[in-house]
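2 protein chains.
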Amino acid sequence: MSTKELLKHARSLQQKKFRDLHGEFLVQGPKVVGELLSSGWPVVEVLATAEQAGRMGLRQAVIVPAYELERVGTLETGNEVIAIARKPAPDGFEALGADELVLALDGIADPGNLGTVLRVADWFGIRRVLCSHGSVDAFIPKCVQSSMGGIFRVRVHYSDLVPLLAREAAAGVAVYAADMGGVSVFSERLQRPAVLVLGSESHGLSAEVRAVAGRVIAVPRNGGAESLNVAVAASALCMEFARQGGVAQ
Amino acid sequence: MSTKELLKHARSLQQKKFRDLHGEFLVQGPKVVGELLSSGWPVVEVLATAEQAGRMGLRQAVIVPAYELERVGTLETGNEVIAIARKPAPDGFEALGADELVLALDGIADPGNLGTVLRVADWFGIRRVLCSHGSVDAFIPKCVQSSMGGIFRVRVHYSDLVPLLAREAAAGVAVYAADMGGVSVFSERLQRPAVLVLGSESHGLSAEVRAVAGRVIAVPRNGGAESLNVAVAASALCMEFARQGGVAQ
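Quick mapping for you: the protein sequence lines, in order, are chains H and B.
Take the first sequence: its letters are residues 1 to 249, numbered as in our numbering.
Take the second sequence: its letters are residues 1 to 249, numbered as in our numbering.
Hints are computed from structural coordinates only; laboratory data are not their basis.
Please note: incorrect hints may appear among the correct ones.
Chain H stretches covered by chain B per the calculated footprint, using a threshold of three residues with CB under 8 Å from any CB of chain B [stated by the list, open to error]: (1) 136-150; (2) 196-210; (3) 235-245.
In this text, a Cβ means the ideal position worked out from N, Cα and C, and glycines have one as well.
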């Protein structure tokens with residue numbers, strides 16, 4: 001592939017249909033490309049300006065002028081280095097480990113929110129996030145960037161959420177749904193293995209998910225806000241899972 | 001003021017210098033304008049399309065065509081209703097109440113993050129947020145929108161943070177700084193009244209703030225993430241303040 005073709009190919013990966021077709025996605029900017037390279041995740045190609053390649057010690061990078069990279073990248077700043085990474089092959093969702101906590105997202109639409117949830121999961125040592133079909137693609141550039149490298153350490157599965165949750169519940173997994181109408185998480189003795197389901201920002205939890213969840217838990221509220229951002233709610237609830245689980249999982 | 005002049009005036013409030021000059025700011029979209037109107041906050045004017053005014057029952061609104069409002073508003077969707085609200089007069093930062101928790105932000109630059117912190121504070125019943133001088137303006141449209149009404153219930157003060165923290169510490173207030181190098185918040189017996197200081201996303205905590213803080217506390221980490229978003233970290237730490245404080249403050 002000529003550099004011109006490579007740039008055109010890279011640019012096409014801004015669109016989901018080309019990410020799916022080629023099984024590749026974009027990673028942008030020094031910070032997240034650095035996370036990619038140190039993670040051991042399969043890399044197809046790295047494009048960089050000569051300066052940036054020098055700064056980052058990228059010996060294998062394809063050197064491209066800055067104005068060409070600006071046409072490929074979606075960042076306000078940081079387009080001097082852009083990597084093409086391999087998407088993982090889809091696989092089944094395996095049974096939970098004994099002490100495992102998995103997050104599930106029921107219809108998340110905002111890629112920045114999904115990325116921030118992955119960053120939260122990555123912080124708390126959560127390895128898997130389930131998304132309902134129809135949720136936003138985790139490999140969209142905005143999500144990859146917001147995850148701050150979390151996408152390389154937290155596996156995202158797309159599934160038909162209700163049957164999967166029902167199957168897990170039947171197998172003895174504690175299924176918790178987060179909703180402000182639930183009981184305070186502080187009053188719960190949290191069980192593991194567990195799946196914690198968070199609803200979409202605009203529609204909350206679906207009735208089907210609510211029905212299959214064993215317990216509905218809430219972040220205790222003491223003020224006037226009507227709701228919390230999904231990543232902020234995930235962070236608050238993961239704190240209590242971490243505390244009750246003795247942090248190390 | 002003619003409608004034309006009013007629209008021009010409203011549009012000028014996208015810029016800080018005009019917000020400061022007129023002591024007014026913009027509130028956009030049905031959700032946040034609804035929060036404004038139900039909060040009792042002083043409103044200067046509401047501009048809306050005839051349809052939107054009908055839907056929201058806005059009898060006092062100035063009716064304006066949609067294309068005119070699109071030129072004033074900054075939202076992707078929701079510009080059919082835009083309010084001009086009065087900025088509060090700057091006032092001093094009063095001593096903390098006996099059980100009060102105040103958040104302080106050391107150099108926050110992203111308006112979406114500041115707004116989300118205000119939404120978190122609003123959820124947990126925190127009434128005051130301190131920002132260091134040079135932090136982003138809380139009345140910038142993006143912050144107002146991300147706060148989801150939090151801006152109407154949580155007071156934002158701008159101050160010279162280090163002397164203020166030193167004064168509060170001398171008066172017996174527990175000053176906590178959040179930093180991933182700190183001790184786990186789970187191992188702390190959290191005191192009140194308290195100020196919890198969070199650093200900027202790009203530079204973390206300044207040495208001066210670190211020196212004046214009594215204790216440096218962390219959200220325990222069990223995974224690979226390098227850091228947490230400031231609003232996510234605020235949420236995690238406020239959880240533990242809420243739990244140890246018995247939630248009601």
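Problem set entry | Hints the structure fails to honour | Of the numbered hints given earlier, the structure breaks just one, which is hint 2.
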